[in-house]
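Line by line, the protein sequences give chains R and H. Residue numbering for the first sequence follows the numbering used here, starting at 1 and increasing by one per position. Residue numbering for the second sequence follows the numbering used here, starting at 1 and increasing by one per position.
Just so you know, the hints here were simulated from the structure itself, not pulled from any lab data. Some hints here could point you the wrong way.
Just so you know, same-sequence chains aren't split out, so a pair can sit in one copy or run between any two.
Mimicking DSBU-like on lysine-lysine, the simulated pairs with C-alpha atoms at most 35 Å apart in a straight line are [claimed, not checked]:
#1 138 - 8
#2 201 - 317
#3 58 - 45
#4 216 - 179
#5 266 - 179
#6 49 - 317
#7 265 - 8
#8 220 - 182
#9 3 - 131
#10 58 - 179
#11 45 - 138
#12 167 - 37
#13 220 - 45
#14 58 - 12
#15 201 - 223
#16 12 - 45
#17 37 - 58
Listed below are the residues making up each chain.
2 protein chains.
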Amino acid sequence: MFKPTTIKDIAKALNLSTSTVSRALRGGYEISEETKKIVLEYAEKVNFKRNPIALSLKERRSYSIGVIVCEVANQFFSQAIDGIESVAYSKGYHVIISQTHDSYEREVINVEHLANRSVDGLLVSLSAETKDYSHLEKLHDQGLPIVFFDRILNSMNTHKVSSNNFKGAFEATEFLISKGCKRIAHLANASQLSITAERQKGYEEALRQHHIPIDKELIKYCKHGGRDQIEVEIAVREFLSHDNPPDAIFVASDRLSTGCLSTMKKYATHHHDILVAGFSNSELVELLNPSLSYIRQPAFEMGEKAAEMLISIIESKYPIEEFESIMLDTTLHPNGA
Amino acid sequence: MFKPTTIKDIAKALNLSTSTVSRALRGGYEISEETKKIVLEYAEKVNFKRNPIALSLKERRSYSIGVIVCEVANQFFSQAIDGIESVAYSKGYHVIISQTHDSYEREVINVEHLANRSVDGLLVSLSAETKDYSHLEKLHDQGLPIVFFDRILNSMNTHKVSSNNFKGAFEATEFLISKGCKRIAHLANASQLSITAERQKGYEEALRQHHIPIDKELIKYCKHGGRDQIEVEIAVREFLSHDNPPDAIFVASDRLSTGCLSTMKKYATHHHDILVAGFSNSELVELLNPSLSYIRQPAFEMGEKAAEMLISIIESKYPIEEFESIMLDTTLHPNGA
DNA sequence: AACAATTACGGCATCGATGCCGGCATCGAT
DNA sequence: ATCGATGCCGGCATCGATGCCGTAATTGTT
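Build out the structure end to end from the sequences listed, making use of the hints.
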C-alpha cells in the first residue's frame, strides 16, 4: 500500500512532539536552530511531503481552482486553460479541469463535484444547453467565488471576462460584405448563450449599416453547440438547399466553423462560391480547404485574466462588492478568394 | 465565507449524536426507521453533502485518478481523456488532468503534485523530454498504482496500453511506396519515446521489404515533440533543401503532422509533389490542404482500457503480480493524389 | 538570592466523517 | 422475578497538520 511519511513518523523517529516537528518545518520560530536542522535534514532524508488533504480539511481551502468548460479538444478552451494554468501555478494554485460536453446534466454534476471537493473557486464557461442556473447561483449565494469567461451569465453579480463578440462579428460580416456578398447566412450557437446574442447583434448591425435586409431564414441555431455533427449538417444543408441560397456564411463558433466546412465539402458541389467567416482559435485554420476567414479570440489572455480575478476574490479579506467585466479585442484574419 | 452543512450541524439540530446521523445517512443498520427518516429528510432540506476531503483523510483514498499527458489540445489525448472519463465516472472516480507540455520539469512537478493530493492512481503518457524516470519509479515502488498509455515506459512492471505503432507505421509507409514514392523521409518524435522507436521500426521494415535503402539523412527527430513550431520547421526545411529531396514524408505524430504541412505550405513551392502520411487523430484532417493520409489510433478505446486497468489495480485486494500489455489496432486513411 | 522574563518544547483540541465499543432500555424466556 | 438478548444510540479515537496554551528550564535583573 501507498503510505507516505507523516509528521508523526518524524516525531517518533526523532523523539520529539508533532508540534515541534511541524513548527520546525514551517515557521520555525520558537524552535532552536539545532532542532530545526535535525528535523529538516531528517525530513529531507525520508522524502517527507505534507499531506494537502489534511491541510484542506483544517484550513477549509485546497489551493485548487475548478474550471468548467464544454470540451478541452476545442482549441479556444485549451488555450484558455493554458492561460489559467500559467497564472494559477505561479500563485500556488492547482487547476482541476472538468468537461461538460455542452450537456446541462454534466455541468450540474461537475459543478457540484468540484464544489464538494473544496475547490476554492470556480472558473465557468457555460454549457450550450444550460438554461437553468440555480446550481451555480446556490453556490454563489453560499459564498463560493465564481468567475465567468467567454460564455458568461449576465444575471450573476461577479467578475466576468469575455471578448468583444459584437465587434468581432461586426467586422467579420463587414468583411464578407466588402467581398461583394449580398446574402450572408448566420450559423449560430445555442440561443441562450451570451456569446450567441452578442455575435448575432454584431452580424445584424453590419447588415443594417450596409442596407442589407435581415432574413430570419438565414439564421440558424445549434442548440447543443454542435455537439453532434449532424446538428450542424442539417443547418448547413438547409442553407445550401434554400431557393435563394446564401453567398456567404458567418459562423459563430469554432466547432461550428469546422463542422460547416466539412458539410460544405461533403455536399456543396460549388462550395468555392460561398465565402465562410467564423470564430475559430484552431491552429490549423490556415491549412483548411475550403478556406476560412476567421475571428480569433485572445484565449490565453482571457484565461489569465479570469484566473487573476478569481484568485483575487479568493484571497480577498473582505467580501467583494464591486465586480468587473473585462472585454478583450478579437482579431480578424481574412482568407481565401 | 463558504461553509457547507456538516454532519455535526445536523446532529445538533436534531439533538442526536454525530454517529447516529452518520449511520442514518449511510448504512442505516442499527438505526430505527423513524430516526432514519427524520435525518434523511432534514439532510435533504439543508442540502447536506458529505465532505470528501474528510473522507479522503480518513480512508486514505480520494476516488480520483490523475492523468498526465503532454497537452489536451492534442486531439489524440483529448479523445483518450474522454475515454478515461467515461470509465472513471461510471465507477465513481473523478479525473484530474495535468499537462506537461512535453517538458520534463513540468512532468516531475505535476506527478508529485498529484501523488501528494492523494490520487488513488496515475495514468501516464510520458513527456517527450523525459529520460529520467525516477520520479515515477519512486512512487511505483511506494505502491502507487500506475498505468501507462501511448507513450509507455517498458522498463516499469505495470499495465500498459498502446496502439500497434509498428503496424501503423508499416502500413503508412507501404501506402506511400504503393503510390510510387521512392525516397521517403521520416519526421520522428523524441528518440527516447517508446512510440518513436516502434514507428521507426515499422517505417524501416516497410522500406526493407520493398528494397528501398534506408537513408539516415532522411530521418529527423524532434526532441521536444514539436512543442515549438520552429523545431518542426527546421527539420522539414532540411528535408526540402536536400540535394536529393524526398518525394514523401512519413510523420510520427499529430502535432508533427500538422507542423509539417504548415511548413510545406509556407516554404515549398511545389509541395503537391510531396506526399505526406502521418499519425493524426485530428477531426479536421479531411479538410487539410496539402492533404494528409493519416493513421488513426483508437484513442477513446485506449483511454477506456487504461482507466479500467488502473481501477482494477486500485480496487484489487491483493498486490498484482501479473501485468498486462494491451495493443490496439490503428487504421489507415489514404488521401490525396 | 529571589523573582521575572525568555527560550524551547509538549499536550491537546480542531477540521468532518466513520466505526468500534459500551451502555441503557425494553422485551421475551425460563 | 431474574437473566440474556436484542434494538438503538452516544462516546471516543482516528486520519495529518496546525496553533494555542501550558510549562519546564535557563537566563537576566536588582
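Each hint, compared with the structure:
1. In this assembly of identical chains, the alpha carbons of residue 138 and residue 8 lie at most 35 Å apart only when taken from different copies (21 Å versus 40 Å within one copy).
2. Taking CA atoms no more than 35 Å apart as the test, residue 201 paired with residue 317 passes in neither setting, with 39 Å inside one copy and 60 Å between copies.
3. In this homomeric assembly, residue 58 and residue 45 come within 35 Å of each other (Cα to Cα) both inside a single copy, at 27 Å, and across copies, at 26 Å.
4. Taking the closest pair of Cα atoms, residue 216 and residue 179 come within 35 Å of each other only inside a single copy of the chain (22 Å); across copies the shortest separation is 49 Å, beyond that limit.
5. When the C-alpha separation of residue 266 and residue 179 is checked against a cutoff of 35 Å, the pair qualifies both within a copy, at 24 Å, and between copies, at 25 Å.
6. For the homomeric pair residue 49 and residue 317, the shortest alpha-carbon distances inside one copy (29 Å) and between copies (26 Å) are both at most 35 Å.
7. Within a single copy, residue 265 and residue 8 get their C-alpha atoms no closer than 66 Å, and across copies no closer than 62 Å, so neither meets the 35 Å cut-off.
8. When the C-alpha separation of residue 220 and residue 182 is checked against a cutoff of 35 Å, the pair qualifies only within one copy, where the shortest distance is 18 Å, while the shortest distance between copies is 50 Å.
9. For the identical chains of this complex, residue 3 and residue 131 are inter-copy neighbours only, at 27 Å across copies versus 45 Å inside a copy, given an alpha-carbon limit of 35 Å.
10. For the homomeric pair residue 58 and residue 179, neither the shortest alpha-carbon distance inside one copy (63 Å) nor that between copies (66 Å) is at most 35 Å.
11. In this assembly of identical chains, residue 45 and residue 138 lie within 35 Å of each other by CA distance solely across copies; the values are 14 Å between and 47 Å within a copy.
12. In this homomeric assembly, residue 167 and residue 37 never come within 35 Å of each other (Cα to Cα): the closest approach is 61 Å inside a single copy and 57 Å across copies.
13. Proximity of residue 220 to residue 45 under the C-alpha cut-off of 35 Å is found in neither arrangement, the shortest distances being 64 Å within a copy and 42 Å between copies.
14. With identical chains, the CA atoms of residue 58 and residue 12 are at most 35 Å apart both within one copy (23 Å) and between copies (21 Å).
15. Proximity of residue 201 to residue 223 under the C-alpha cut-off of 35 Å is restricted to the intra-copy arrangement: shortest distance 18 Å within a copy versus 47 Å between copies.
16. In this assembly of identical chains, the alpha carbons of residue 12 and residue 45 lie at most 35 Å apart only when taken from the same copy (15 Å versus 46 Å across copies).
17. For a Cα distance limit of 35 Å, the shortest separation of residue 37 from residue 58 qualifies both inside one copy, at 27 Å, and across copies, at 31 Å.
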